[in-house]
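Residue-level listing of the chains:
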Amino acid sequence: MFARVLTIARWTAVEMLRERILYVVLLFAAVLVASSSVLTTLAPGAQRKIVIDFGLAAIDMLAILVILLNGSSLVRREMDRRSLDVLLTKPTTRLEYLFGKWLGLVSTLLVLTVVMSGILALSVEAAGFGWQARYLGAIAGTVCELVVIASVAVLFSTFTSPTLASLFTLALFVAGHLSQGMLKMIEAGGGNTLLERLSLAVPSLGLFNLRGEVVHDIAVPPERFVVAVIYALVYSITALYLAALIFRRRDLR
Amino acid sequence: MKQTAWKLVVLLSLVAATVSVTRVGRAQIREAPETAVSALPAIPFLEVLALGYRETVADLAWMQAVQYYGEYRQGGNDLSEFQHFLDAVNTLDPRFEHAYVLGAFVLATDGRDLDAALEVLRRGARALPESHRIPFEMAFLTYVMGGDVDAAVHYFGFAATKPEGRERALRFQAFLNRRLGRLETAWVLWNDLYHNTDNPSLKIVARESLQRIEAALRERDAQGSASDGPGTRPPETGKGDL
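Line by line, the protein sequences give chains C and R. The opening residue of the first sequence carries number 580 in the numbering used here; numbering runs sequentially from there. The opening residue of the second sequence carries number 64 in the numbering used here; numbering runs sequentially from there.
Since the hints were derived computationally from the structure, they do not count as laboratory data. Careful, some of the hints might be misleading.
[Said to hold, decoys possible] List of simulated lysine to aspartate or glutamate pairs, DMTMM-like, C-alpha gap at most 20 Å:
{"hint": "1", "chain 1": "R", "residue 1": "K225", "chain 2": "C", "residue 2": "E775"}
{"hint": "2", "chain 1": "R", "residue 1": "K266", "chain 2": "R", "residue 2": "D213"}
{"hint": "3", "chain 1": "R", "residue 1": "K266", "chain 2": "R", "residue 2": "D211"}
{"hint": "4", "chain 1": "R", "residue 1": "K266", "chain 2": "R", "residue 2": "E247"}
{"hint": "5", "chain 1": "R", "residue 1": "K225", "chain 2": "R", "residue 2": "D261"}
{"hint": "6", "chain 1": "C", "residue 1": "K763", "chain 2": "R", "residue 2": "E227"}
[What the hints assert, rightly or not] Covered stretches of chain R, as calculated for chain C (at least 3 residues, CB under 8 Å):
{"hint": "7", "region": "112-120"}
{"hint": "8", "region": "199-212"}
Where is the CB? At the ideal position from N, CA and C, for every residue including glycine.
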């Protein structure tokens, strides 16, 4: 089973890395990170903060952009090309197929994140601010977030068009970042059980955002990392299983 | 051949039209009244808009604030909306220490609103209780802009309780105590600095200050004055609330 999943994942990653959009994004990342060094002239005294803030945010935003542009069309593309028909005649379940697609997408994002982090580290060093190991904490949080959003994109891509899948993924990303504030508002308004229950379906993306802590030298308790990793995995597996259930019912002829 | 020439003419005409319209548009922007603040949405809206990128949006708002201040220096605005920028930055990123310090400085010096500046710094002190720069700035502005030496001594004392800024704050506290005529208090503070600093230059300054204070005390005793006025009070510890 794992061999089949890994084969699908590998080919998904290879296919994505062949896409020109990834190279454009990498170039954009380099320009953005470099420009953050230029932006610092507009904020004397806060240069280090701004370079790190912009760099970490750019890594997150660009990886999300890749998911929205590429991740949401992963399944549909193979359906259109009819390559999925051939693949499913092999002894591969639809869950394995989706899991492989998701793993391929996550691997690509991981490669992308590592490269962008390298560019950021070089940029920070070049600016003379000194790269610090604790920045990796924020990047690890970003990776957890990407794992979740990638699973959501795969879920949506199983039952709708790439455009709608991208829009739904974007909507859930926005809702995920607003969920904490919304919950506070619900609590302040006396509480609403239905809304509270609905909010549980929305990924709590604030958990993965460690950029503020990292930039302001605030120690992040190790428990938060552990909870973030477990949450990301559980949420992703649930989303992929749901995707497999939906995908199993689809008639691909 | 003729068709290609026509296409080229159409293309060049379109390019020329685009360049002209761009120039007109740029001129319109230059002539438009200052719109810096309208470019920054209301704070609650900004909070929602920032999603998970609050610190980055705070940075952008701060850069806009700096530009707005730059325009003021060149006579482009009256600085009346600077506080709005500052509130946006501090709401989005309450731990942005530099924004509190520099923002308060601008409000106090160019804006001539010391109360607003101190309020910004108080908000900063609540968000960053470990900061030594914020109480130091409060002391500095209170002394330089407000002329309230007593309050400045209190704030410097508070800044001196923070390990990072202790020496600098103690030095100012000692200086002001001497100005107030509290020679014993000034002596105690300089003596503390002299014995506890690792900075050789500061040690020299502290020793010279101690010598000058001792000379002043001897002179005062020679004149038969038994009292040190307000200086007979115990030294300001700086402990307490801002």
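Violated constraints from the hint list, given by number and in increasing order | The structure breaks hints 1, 2, 3, 6, 8; every other hint is satisfied.
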